[in-house]
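Here is how the chains run, residue by residue.
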Amino acid sequence: MSELENKTEHGSVDGATEGAAEDPKNDTGLGLGVIFFIVAFLICFLSGWLLFPKLLYSKHEQPFNFDHALHVQETGDCESCHFLRDDGTFSGIPKMASCLDCHTDEPMGETRDEAIFASEYVAKEREVPWYVYAKQPDCVFFSHAAHIEAAGMDCVTCHGHIGESTTSRPYEENRLTGYSRDIWGKNIWGIKKNSWDRMKMDDCAVCHKEETGHQGYCFQCHK
Amino acid sequence: MKVDRRSFLGLGLGAVAGIAISPVGAKLTDDSSIWTQNWPWTPVPPDGKISYDHSVCSLCPGTCGITVRKIDGRPVKIEGRDTYPVNNGGACLHGIAGLQYLYDPCRVTTPLKKINDRFEPISWKEAIALAAGHLGRIRKNDQAHTLACITDTDQGSVAGLFSHFMTAFGSPNHFVMPTLESWLALTAQTLHGKGYTLGFDLENADFILSFGAGILEGWGSPVACFKANSSRKQRKAKLYQIEHRLSTTAAAADRWIPVTPGTEADLAMAMCGVLLTENLFDSEFAAGFKGGFNRFNAMVQQKYPVEKVAAATGISAADIKKIAIAFARAKMPVAIPGKGRGDGAQSLKEFAAVHTLNCLTGNVNKKGGTFIKPVHDYLAFPDPVLDTAAKDGFGKAKLGASVQEMVTNINQSADPLVTALFVYNANPCYTLNDPSQTRAAFEKIPFVVSFSSFMDETAMASDLILPVSTFLERLEDVPSRAGLANSVVGLTRPVLDPVFDTRSAGDTVIQLAKTLGGDMARSFAWNNYRACLEDVAAGVWEDLSGNGYALLAEGPPTDSVETSFAFLSDNPQTIYPQGDYALTLVPIDNMRLPGTVPAASPFAIKTVSDRVLKGKDVCVEINPDTANGLTDGGFATLTTPTGSARVRVNFNEGIMPGVIGMVKGLGHTFDNKYVAGKGVNIHELISPVIEPGSGLDAACGTTAAISKA
Ligand code: SF4
Numbered sequence: 000m001s002e003l004e005n006k007t008e009h010g011s012v013d014g015a016t017e018g019a020a021e022d023p024k025n026d027t028g029l030g031l032g033v034i035f036f037i038v039a040f041l042i043c044f045l046s047g048w049l050l051f052p053k054l055l056y057s058k059h060e061q062p063f064n065f066d067h068a069l070h071v072q073e074t075g076d077c078e079s080c081h082f083l084r085d086d087g088t089f090s091g092i093p094k095m096a097s098c099l100d101c102h103t104d105e106p107m108g109e110t111r112d113e114a115i116f117a118s119e120y121v122a123k124e125r126e127v128p129w130y131v132y133a134k135q136p137d138c139v140f141f142s143h144a145a146h147i148e149a150a151g152m153d154c155v156t157c158h159g160h161i162g163e164s165t166t167s168r169p170y171e172e173n174r175l176t177g178y179s180r181d182i183w184g185k186n187i188w189g190i191k192k193n194s195w196d197r198m199k200m201d202d203c204a205v206c207h208k209e210e211t212g213h214q215g216y217c218f219q220c221h222k
Numbered sequence: 000m001k002v003d004r005r006s007f008l009g010l011g012l013g014a015v016a017g018i019a020i021s022p023v024g025a026k027l028t029d030d031s032s033i034w035t036q037n038w039p040w041t042p043v044p045p046d047g048k049i050s051y052d053h054s055v056c057s058l059c060p061g062t063c064g065i066t067v068r069k070i071d072g073r074p075v076k077i078e079g080r081d082t083y084p085v086n087n088g089g090a091c092l093h094g095i096a097g098l099q100y101l102y103d104p105c106r107v108t109t110p111l112k113k114i115n116d117r118f119e120p121i122s123w124k125e126a127i128a129l130a131a132g133h134l135g136r137i138r139k140n141d142q143a144h145t146l147a148c149i150t151d152t153d154q155g156s157v158a159g160l161f162s163h164f165m166t167a168f169g170s171p172n173h174f175v176m177p178t179l180e181s182w183l184a185l186t187a188q189t190l191h192g193k194g195y196t197l198g199f200d201l202e203n204a205d206f207i208l209s210f211g212a213g214i215l216e217g218w219g220s221p222v223a224c225f226k227a228n229s230s231r232k233q234r235k236a237k238l239y240q241i242e243h244r245l246s247t248t249a250a251a252a253d254r255w256i257p258v259t260p261g262t263e264a265d266l267a268m269a270m271c272g273v274l275l276t277e278n279l280f281d282s283e284f285a286a287g288f289k290g291g292f293n294r295f296n297a298m299v300q301q302k303y304p305v306e307k308v309a310a311a312t313g314i315s316a317a318d319i320k321k322i323a324i325a326f327a328r329a330k331m332p333v334a335i336p337g338k339g340r341g342d343g344a345q346s347l348k349e350f351a352a353v354h355t356l357n358c359l360t361g362n363v364n365k366k367g368g369t370f371i372k373p374v375h376d377y378l379a380f381p382d383p384v385l386d387t388a389a390k391d392g393f394g395k396a397k398l399g400a401s402v403q404e405m406v407t408n409i410n411q412s413a414d415p416l417v418t419a420l421f422v423y424n425a426n427p428c429y430t431l432n433d434p435s436q437t438r439a440a441f442e443k444i445p446f447v448v449s450f451s452s453f454m455d456e457t458a459m460a461s462d463l464i465l466p467v468s469t470f471l472e473r474l475e476d477v478p479s480r481a482g483l484a485n486s487v488v489g490l491t492r493p494v495l496d497p498v499f500d501t502r503s504a505g506d507t508v509i510q511l512a513k514t515l516g517g518d519m520a521r522s523f524a525w526n527n528y529r530a531c532l533e534d535v536a537a538g539v540w541e542d543l544s545g546n547g548y549a550l551l552a553e554g555p556p557t558d559s560v561e562t563s564f565a566f567l568s569d570n571p572q573t574i575y576p577q578g579d580y581a582l583t584l585v586p587i588d589n590m591r592l593p594g595t596v597p598a599a600s601p602f603a604i605k606t607v608s609d610r611v612l613k614g615k616d617v618c619v620e621i622n623p624d625t626a627n628g629l630t631d632g633g634f635a636t637l638t639t640p641t642g643s644a645r646v647r648v649n650f651n652e653g654i655m656p657g658v659i660g661m662v663k664g665l666g667h668t669f670d671n672k673y674v675a676g677k678g679v680n681i682h683e684l685i686s687p688v689i690e691p692g693s694g695l696d697a698a699c700g701t702t703a704a705i706s707k708a
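Protein chains in written order, with numbering that gives the first Met the number 0: chain E, 0 to 222; chain B, 0 to 708.
If you are wondering where the hints come from, they were derived from the structure by calculation, not from laboratory data.
The beta-carbon is built from N, C-alpha and C at its ideal position, and this holds for glycine as well.
One or more hints might be untrue.
DSS-like mimics (lysine-lysine), calculated; alpha carbons at most 27 Å apart, straight line [to be verified]:
1) K199/E - K513/B
2) K26/B - K53/E
3) K192/E - K134/E
4) K222/E - K48/B
5) K321/B - K235/B
6) K134/E - K69/B
7) K76/B - K222/E
So the derived list for chain E, only partly shown, Cβ under 10 Å to chain B, looks like this [what the hints assert, rightly or not]:
8) I34
9) A39
10) C43
11) F44
12) L45
13) W48
14) R84
15) T88
16) N173
17) R174
18) L175
19) I187
20) K199
Kindly produce the complete structure, drawing on both the sequences and the hints.
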């Protein structure tokens with residue numbers, strides 16, 4: 000009887016018999032395979048969760064610590080520093096000229112940060128090179144005026160409770176895209192709990208859909 | 000224990016599974032797609048402080064107010080200036096693409112001198128010395144009158160400086176290119192006397208009878224016309240478009256009246272006849288009619304009976320009557336002349352006949368009517384100091400009534416009629432009919448100086464180029480032109496320093512005069528062009544420099560004017576398309592393609608439909624009924640008495656049978672891969688025909704034949 004005939008006649012029964020008859024020492028090969036699988040799985044899984052975010056983002060400390068809470072307390076609101084200009088454009092991060100409305104090159108407080116600000120920037124008439132957590136890429140046109148004035152939104156909806164912070168967290172920059180981590184969000188899966196946890200296009204679209212009934216057209220933002 | 004194939008399989012699968020349920024895959028997919036949008040070579044304009052400058056666009060005679068948005072002083076965007084009395088916030092595609100002209104590949108970046116048919120860069124000092132040397136010798140040899148000058152307009156202080164230069168130098172030969180503005184001024188001068196021009200209150204008129212005027216194709220001040228047309232529907236104002244093809248304007252009109260090309264003047268005459276026979280003219284206004292009204296009345300009845308004109312125009316006699324009556328019965332009717340953009344070859348007879356319709360209705364110098372207004376006189380140039388050479392030269396006869404006549408005279412004369420020529424902001428070697436004649440004349444002129452920003456056909460034909468800064472880099476007063484109701488003068492202001500080694504033509508002319516010395520220098524006492532402008536426009540300078548414009552006149556003029564029928568009652572000859580071919584070739588003005596200076600920007604040319612320009616081939620419009628043996632989109636040979644060209648065929652049921660339409664503004668031959676080398680220059684296919692009475696070229700078409708190529 001040829002091998003082929005054997006197989007067709009007995010189907011898989013032959014195979015099962017063959018397997019059962021195999022040398023028991025072959026089981027260690029399978030066992031090692033399982034161990035290798037588990038080890039590789041764990042290494043990759045843990046690296047993907049723990050190491051990958053560290054590698055993907057570079058961290059930068061702000062030039063010096065900024066106490067938002069203190070400034071809000073002193074000035075009363077966000078708009079004293081982050082205001083809409085007459086032409087509708089948004090001032091964003093204040094320029095030195097705005098700081099000088101209150102500050103001088105004499106430190107106003109005792110902190111080391113105030114001393115750095117006064118000596119390194121005010122005295123030397125240099126702008127502070129702040130890292131901007133919420134910086135959107137150049138391909139996006141975003142109008143603060145449309146959101147604050149027309150839609151009556153508050154700062155917290157997108158920026159969270161940054162106004163209550165007393166220290167500046169490090170700025171994290173995606174090494175691949177150059178974007179701030181705040182755009183994707185702290186959660187590496189991009190899962191968000193609060194409206195301010197992510198600032199990607201989908202987040203704009205979701206809110207637009209809820210508020211206006213339409214997620215918006217490409218050209219509204221990508222001009 | 001043996002590490003075998005299964006172990007490695009386990010390792011690999013483990014790694015894949017571990018990564019698969021970690022965020023790496025999802026995150027890297029997203030990031031890498033963003034990464035591809037941020038290639039380092041993708042230009043990203045630098046951020047900076049935003050500022051806005053108000054200025055005036057002078058890319059066309061529209062003179063729209065513009066606002067230039069700048070980032071850290073670098074202009075990045077042009078928008079129409081809100082509340083500007085011409086365009087009120089609007090701008091056309093050429094205006095918004097105006098920044099491209101700054102970096103145009105054809106810009107002349109430094110003075111150039113032609114040596115052995117090649118241009119070599121020279122310094123400004125050398126260039127001025129070279130020009131002054133030539134001009135000095137001409138004056139010394141008592142040949143001052145052989146200096147000629149061509150400018151795009153005679154309005155504004157830069158044209159004024161050229162004119163001042165010519166007078167002080169001693170030459171009467173200052174010519175202006177044929178524009179809607181010059182045709183309207185000539186019409187007003189012919190009917191109402193010197194110093195007048197015409198404006199049309201299209202925004203308030205309730206019946207616009209357009210004799211082919213491309214209200215949506217760049218006629219007059221284009222943005223102002225767009226706005227007047229947009230408001231027409233709300234105002235329930237009517238627009239009747241008399242034109243041989245269903246143009247954009249005709250499509251937007253309440254009625255399109257197809258007319259045989261070249262017979263528009265006869266039609267207007269016949270309509271005048273209807274108004275006179277039906278007694279539908281304004282007898283009060285007619286009190287101001289002088290010279291020849293009765294003769295005109297008798298002539299139109301005799302020479303332009305409706306039935307005869309009906310046969311020639313292709314419009315039925317009943318229709319001619321109906322249209323004329325509807326026009327005359329309207330409360331605020333306006334008839335507008337000037338086919339297409341209204342520039343180039345037109346006909347004084349046609350302009351005068353159409354304007355006579357306005358005069359007969361009496362809706363003149365009234366809201367919603369035709370304004371016969373004084374030509375802007377806000378400039379006060381001092382009298383030039385005239386030495387003997389100037390007096391002698393200036394007293395000599397002018398070389399013709401138009402650039403075209405000068406060209407013909409130069410070509411026909413064995414003597415050198417012109418020994419030096421200035422050309423400012425004009426491209427006669429491209430825009431005049433049969434430009435080979437112009438180029439031949441230029442070759443006979445020993446010294447041609449081009450004041451141009453771009454290396455266009457005329458600059459290429461010159462011996463010296465004194466490059467002019469573009470409208471974004473120079474100071475200049477820009478009076479509103481082209482048939483606007485209001486009279487406004489705006490100020491073009493430099494929004495950035497010249498990108499290249501260029502100057503305002505005003506500065507160059509002043510410098511040239513100073514270098515010539517003597518009485519020439521004394522006539523140009525200003526230190527520079529700015530000082531000159533402040534001086535000669537002193538009456539409006541405060542408004543000009545403060546607001547960026549001065550309103551010279553608003554609303555209907557109050558002057559009472561007289562109307563002379565002397566010109567029309569002589570029944571001047573109508574210029575019909577010349578030649579013996581069976582079809583008629585007519586130029587089409589397209590809003591996306593400028594016909595004069597400057598040529599289209601790369602942006603504008605990209606917006607042209609491929610039913611007009613397909614690849615590098617121009618498409619000519621032809622009615623399928625006429626297109627014997629031709630195929631839509633196929634190649635054909637177009638032949639006229641002047642030349643022939645390979646074209647593509649575009650079947651269009653919206654053009655009258657027997658007519659071939661070809662767009663203006665293509666077929667440039669200069670070195671610009673974005674704009675030149677595309678299509679055919681229609682002017683190469685039409686020969687000029689000088690109209691008796693105006694001395695201007697009136698060939699706005701020619702006979703033609705077309706056959707499969
Ligand atoms: S219509 Fe003329 S003047 Fe107005 S924006 Fe366009 S090109 Fe400039």
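query = What hint numbers does the structure not satisfy?
reply = As far as the earlier hints go, only 1 is violated by this structure.
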